[in-house]
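Here the structure of chain A is known, so what remains is to put chains B, C and D in place on it, guided by the hints.
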Amino acid sequence: MDFTFTEEQQMMAGAFRDLAADICSPEALRALYDGQDTQAEARWQRLAEMGLFGVLAAESDGGMGLGDTDFVLLAEEAGRCALPEPLVEQAGVAVPALREVTAVPEVAALLPQLASGVARIAVVHPNNPYANVPPALTHWLACDAEAVYLLEAGAVEVVAEPSVDAGRRLQRPAAMVPGAAPLAGGEVARELTERLLNRGALFTAAQSLGVAERMLHISVEYAKQRHQFGKPIGSYQAIKHHLATVAVKLEFARAVVYAAVAHVGALGSRSLAAVSHAKLAAADAADLAARSAIQVHGAMGYSWEVDLHFYMKRAWALAGAWGDHSFHARCVQALVCGEAFPLGPDQTFERTA
Amino acid sequence: MDFTFTEEQQMMAGAFRDLAADICSPEALRALYDGQDTQAEARWQRLAEMGLFGVLAAESDGGMGLGDTDFVLLAEEAGRCALPEPLVEQAGVAVPALREVTAVPEVAALLPQLASGVARIAVVHPNNPYANVPPALTHWLACDAEAVYLLEAGAVEVVAEPSVDAGRRLQRPAAMVPGAAPLAGGEVARELTERLLNRGALFTAAQSLGVAERMLHISVEYAKQRHQFGKPIGSYQAIKHHLATVAVKLEFARAVVYAAVAHVGALGSRSLAAVSHAKLAAADAADLAARSAIQVHGAMGYSWEVDLHFYMKRAWALAGAWGDHSFHARCVQALVCGEAFPLGPDQTFERTA
Amino acid sequence: MAVELQFTPEQQRFRAEVRAWMQAHVPATPLKTLESEAGFAQHRQWERTLAAGNWGMITWPAQYGGRGATLIDWLIFEEEYYRANAPLRVNQNGIFLLGPTLMEFGTPEQKARFLPKMASGEEIWAQGWSEPQAGSDLAALRATAVRDGDTYVLRGHKIWSSRAAFADWCFCIFRTEEGSERHRGLSFILVPLRHPGVRVRGIRQIHGEPGFAEIFFEDARVPVANRLGEAGAGWHIAMATAGFERGLMLRSPARFQVAALKLVQLWRHHAEKADPALASAVAQAWMDAQAYALNTYRTASRLMAGGSIGVEASLNKIFWSELDLNLHRTAMSLMGARAELAPGAPDCTDPSWLEGFIFSLAGPVYAGTNEIQRNLIAERLLGLPRG
Amino acid sequence: MAVELQFTPEQQRFRAEVRAWMQAHVPATPLKTLESEAGFAQHRQWERTLAAGNWGMITWPAQYGGRGATLIDWLIFEEEYYRANAPLRVNQNGIFLLGPTLMEFGTPEQKARFLPKMASGEEIWAQGWSEPQAGSDLAALRATAVRDGDTYVLRGHKIWSSRAAFADWCFCIFRTEEGSERHRGLSFILVPLRHPGVRVRGIRQIHGEPGFAEIFFEDARVPVANRLGEAGAGWHIAMATAGFERGLMLRSPARFQVAALKLVQLWRHHAEKADPALASAVAQAWMDAQAYALNTYRTASRLMAGGSIGVEASLNKIFWSELDLNLHRTAMSLMGARAELAPGAPDCTDPSWLEGFIFSLAGPVYAGTNEIQRNLIAERLLGLPRG
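Chains as they are written, first to last, in the numbering used here: chain A, 1 to 353; chain B, 1 to 353; chain C, 1 to 387; chain D, 1 to 387.
Since the hints were derived computationally from the structure, they do not count as laboratory data. In this text, a Cβ means the ideal position worked out from N, Cα and C, and glycines have one as well. Hints may be right or wrong, so weigh each one.
[What the hints assert, rightly or not] Take a look, some chain C residues computed to stay more than 10 Å from chain D by CB distance:
#1 221
#2 269
#3 372
[To be verified] Cross-link-like lysine to aspartate or glutamate pairs, in silico, DMTMM-like; alpha carbons within 20 Å at most:
#4 A:231 / A:221
#5 D:117 / D:168
#6 C:111 / C:37
#7 C:262 / B:144
#8 C:111 / C:168
#9 D:32 / D:122
#10 C:262 / B:346
#11 D:273 / B:144
#12 C:273 / A:221
#13 A:231 / C:181
#14 A:231 / C:104
#15 D:273 / A:152
#16 D:273 / B:194
#17 A:231 / D:122
#18 D:262 / A:339
#19 D:111 / D:230
#20 C:273 / C:347
#21 D:262 / D:181
#22 B:224 / C:137
#23 C:117 / C:104
#24 C:273 / A:144
#25 D:262 / D:272
#26 B:231 / D:230
#27 B:231 / D:181
#28 C:273 / B:339
#29 A:224 / A:307
#30 D:32 / D:350
#31 B:224 / D:137
#32 C:32 / C:355
#33 C:117 / C:168
#34 A:224 / D:379
#35 A:224 / C:322
#36 B:231 / C:379
#37 D:262 / A:194
#38 C:262 / C:168
#39 C:262 / C:322
#40 D:111 / D:123
Only chain A is shown next, with the shape it has when bound in the complex (with noise of 0.2 Å):
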């Protein structure tokens, strides 16, 4: 029983952190949001070259062979940063999924190329219907619950989405060709697809963390250095309230995602309850630290000029994709008040349903 991450992958994550200051910047997202996003490429070849893509891959893929927990909290940078580029999609959702059906040989030669990012995947699932699409992008990993398909790009008719965050650029399959064979059907598609869902809503909730860790960051040290009426604002004690509501919420949300990672790979209702609790918890803690930005910055976190807003929407945009609230409220409500399964204080690790 041990909560705390080692410093190997504490150490990973602060690399991360490190280019994500580089490439990341909110001059970067401000050059992006004024239409002149010239940098994606360089971006996407920047997070190759720390071998990002490949955390999750095997090494035969020429992947760092690593598990979930170790990419939890590059996700969670990707989202403090606001990484326009679906890191997470590919290297977190999409890899681990096709590594469960190696034996497609497609996917056995696709996969050292996900891992080195030279191959660009977009993911749709029936609970995230917008997909973030990488730069140059190769392949579309789509679902229900019926097939999983692998085609290639080109193979699909697809129709832009604009969101209201300028970092993402989504698009929604309009038409596949006609005839595309299923990488997997059945019992086995079903259960591909309910994990692929587990890692897409878990590492979009740690995004959410790292985003409203960073809009509490921005809000604090706002607090610090405006003023009024003769004082900092950060000394009033309304807005203290605001903000220490904003480190409790972030506080144990973080326990709840960290916690949760030990049941994205595995099926069932226990583990349904655990992810959707953790994007639920995430989700929440983001969007109160976005409300209590605005509250601090007064006017001014209403403007296009304050790097606030780059991180409010991608809060706002994260809260709906990989399942929205009311598909993971709903689960939770089902599971819990139905009693799916034991409840109580010795079941708090349990993992099977």
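This is chains B, C and D only, laid out in the frame that chain A set:
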């Protein structure tokens, strides 16, 4: 279109408030809580002397022949002083209900007695299973969707159901004399029962307003005189914001309750929604006032020796009386989300469903 | 018997008249946003149409282009206005804020010069009060107007000025007494925006449009006759204007009732897969909009019976801003994955939800933050000691 | 790989051992409330039973009657303790607060004199810190201990002293330096409660039972040897004790997880007629109890890896107190008309909900109000300036 009360209406409420200060002071409530309540009959007499039981009774029955709007401020005062006796149930609920069935000789004979306070009635309804019983009870008014019964006290076997609010003497009818003849059945009974609930819920909401305002007042006074860290706690922003938030909730609940008075005599979905809205808004205001009062008083508010708990317990009790939260919330949800009547800005004062 | 909550036959006739006119005149296709130049021009034209129908500001006296209507009539007008989905009022700073202020403090010449063109929508007004270092703490403002014969020379930097990007005139507060502090030595001055030494720069909002502007005064000269009231009376007059802003006119309930109705319809569309708790949020939104409407009529009755608006303004501000935020947050939850889609995205079925949500975020902070309103309530209504 | 959230075989064996012992020893019929004299005696007896099984305070070192158990073992013990519905710990002031304080600051004689009898449940302790004018602002306390040779003469009035109505001893803070102010000149003194010059008066709580007591010191004399630490070190020691109070021991998550499970069962009983929004409140209660448990294990891991508890204590205090309040408010809503029924009313099916609700109301205000905790978080965790 006029939302103001007449001087007469305000004077009558003021007179009752003065009387309450005399017969229903915190000292009187303390005696009652300490089990030495010798004043119930005396209080009843004083209420009768002021003619309060006859406010809604016909002048021909010795009443004042006034309307529900004239009674709502009195119900509010009954809440403000946490009156133990069921003035509201007898004068505000039973009398107007019985006036609909004066064709029944025993009703015609009873009304003058109820208006004068000589007769004392308790009212049970499917949504108000525990009746607050007056001293020297003489009659029961009991109803369900099928039938309405008027019974002599002796004819009903009752079970005492003590409340955490020592100011409420609750009883539940366990059995009636077999074969008692209903006052009314069929459609008449259904309508009587619906209007009984409307008045019971609306005048309970008015009492919640009064008890909420009392708790706010007590908290404000305490916050002015209690010092911590060298200044009155009422000068701290956290305390100010707690109490200001109560004031906001109370202000708007008041408008909702006063507007709903016009609906209690009517039938149909719009009236049900207006009354349920009033019950919910007033109960929410009282609940928030109680929690904020505890916040302001600290451990002191938690003590038997401070007046606050008399009013806090009344607030809790009223929340479940005459339709609990779930009943009224489901009612509004079903009617509004189901668009049972036209919604929109031109509909604010519509009466018909 | 009082608390008579039915409209009189006259009021019902008035409602019918407004409804008929709106049906006949409200543009079938919604106007472009008034935060764009083209949209601003369209909204200016709409104000002319309203004025032509004598609907510009019905509560104003007839001699200024009004109808001398009562507050109740005003509320009825707004109900029909929003019910008809009529355009936003680009003229609102004029008709709700400066207009009443001019009537109270203006000279006959000032009234004659400014009110008719305001009424006709010919001149659109902006408000120039806040400064980078003077937001909630307005008395900290620094912009100066130095007297030079019959003119004032203006220097300073105003910010968060609504409508200013495309408006014609701005009513501002300047420090006219050198070395004066806080509330003293301020004057209320009317300044043309297309004028030498006046530079206007739009501030893009998080939705990308310039909802507000900054105004830079670089030795701009205006006649002393543009000063409203006495020199040094600026704070007093500004507080009166703020009173109008916090009064009943600006945030009439109809807007929220229309939004609540839309939310109910959104719920019905999503009910099958929605978190059942959102049903209670939807019902709460309707109840709150209804409560806000009822309390507004209650306040209007009080005012018409000779009362004056005081701290209720703060109660109203908190209530409508929280109701608006909760209502739009509920809508965003209901829309799920679609909530983030930008106006113009194929699957973005109704862009007004995202725009409304973003606008609602500003509610608790503008026109006096809700924190400040709570302090006012605690001190003025509840009588708690100042911090 | 870290974040390994499975119990070791040893930990699983330990859980089984606790479970078996609890099954064998927890009284079948619940004890009377420890706020009554008879109930207090029953709870004292239960402490003796626990001590006999060496379960009194498993985290204490063996020489003081403990098992030197880890924090994780402690959490497992609590899970089984609450799962078995075992009695409240009448001994908690001793084992959680004074015990650790004595181990850190006591002389060998003091440890030998007090710890064993504390461990055995023979001596039950009360806490005597607050005074009528010194609640949240503890440094304002006035009670004095005047040195007279080898004794202190105690004068003053303590209040909100938990367990004091029937306890044997009280650990108090007195002003030992005449004319000293605020945090200076205070000493930490152990006082017998059945003692000349010491008068204890129960304070009835809103549920009618004396949950707390007032203690009046009227020239009570205690030996100087009863002082813990140096004269004037009282504040420093009290802060250490407060640290233990805010630490992990006192509010272990199991209590809330058991309550959440009961709430789920209450929901299932009322689901048919309940506001569907209450389903989400029930699910939230379970999620929050789970989150509190997870975060407690997370903190425990950090502490076992050599970290120390700091401002997390404030985060915990806010989280559990709000979770407890929301959980019980939801239960009261679900019970509807029955919620107000007093224990003993025929239709009062489970009095623990009303009692728990009333207790939960105190959560946000005792052990440092949540306002104060938020100030601490803002200043110590977020680094915001002091007000």
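Now for the hints, and whether the structure bears them out:
1. 221: 43 Å, holds
2. 269: 18 Å, holds
3. 372: 17 Å, holds
4. A:231 / A:221: Cα-Cα ~14 Å, so holds.
5. D:117 / D:168: 11 Å, holds
6. C:111 / C:37: 28 Å, violated
7. C:262 / B:144: 37 Å, violated
8. C:111 / C:168: At roughly 17 Å apart (the allowed maximum being 20 Å), residue 168 of chain C and residue 111 of chain C satisfy the hint.
9. D:32 / D:122: 19 Å, holds
10. C:262 / B:346: 14 Å, holds
11. D:273 / B:144: 17 Å, holds
12. C:273 / A:221: 40 Å, violated
13. A:231 / C:181: 17 Å, holds
14. A:231 / C:104: It is violated: about 36 Å lies between the C-alpha atoms, which goes past 20 Å.
15. D:273 / A:152: 52 Å, violated
16. D:273 / B:194: Roughly 18 Å separates the two Cα atoms, so the pair holds.
17. A:231 / D:122: 55 Å, violated
18. D:262 / A:339: Holds: residue 262 of chain D and residue 339 of chain A sit about 11 Å apart, inside 20 Å.
19. D:111 / D:230: Given that 20 Å is the threshold and the Cα spacing comes to 16 Å, the pair holds.
20. C:273 / C:347: Given pair residue 273 of chain C, residue 347 of chain C holds - Cα atoms ~18 Å apart, limit 20 Å.
21. D:262 / D:181: 49 Å, violated
22. B:224 / C:137: Status violated; Cα separation ~26 Å.
23. C:117 / C:104: 18 Å, holds
24. C:273 / A:144: Distance of about 17 Å is within 20 Å: holds.
25. D:262 / D:272: 17 Å, holds
26. B:231 / D:230: 32 Å, violated
27. B:231 / D:181: 17 Å, holds
28. C:273 / B:339: 19 Å, holds
29. A:224 / A:307: 16 Å, holds
30. D:32 / D:350: 15 Å, holds
31. B:224 / D:137: 17 Å, holds
32. C:32 / C:355: Answer holds: residue 32 of chain C to residue 355 of chain C is near 14 Å, not above 20 Å.
33. C:117 / C:168: 11 Å, holds
34. A:224 / D:379: OK: residue 224 of chain A and residue 379 of chain D at ~11 Å, within 20 Å.
35. A:224 / C:322: 26 Å, violated
36. B:231 / C:379: Roughly 15 Å between the alpha carbons, so the hint for residue 231 of chain B and residue 379 of chain C holds.
37. D:262 / A:194: 30 Å, violated
38. C:262 / C:168: Violated, because 35 Å separates the two Cα atoms, which is more than 20 Å.
39. C:262 / C:322: 18 Å, holds
40. D:111 / D:123: 14 Å, holds
Of the numbered hints given earlier, the model fails hints 6, 7, 12, 14, 15, 17, 21, 22, 26, 35, 37, 38; all others are met.
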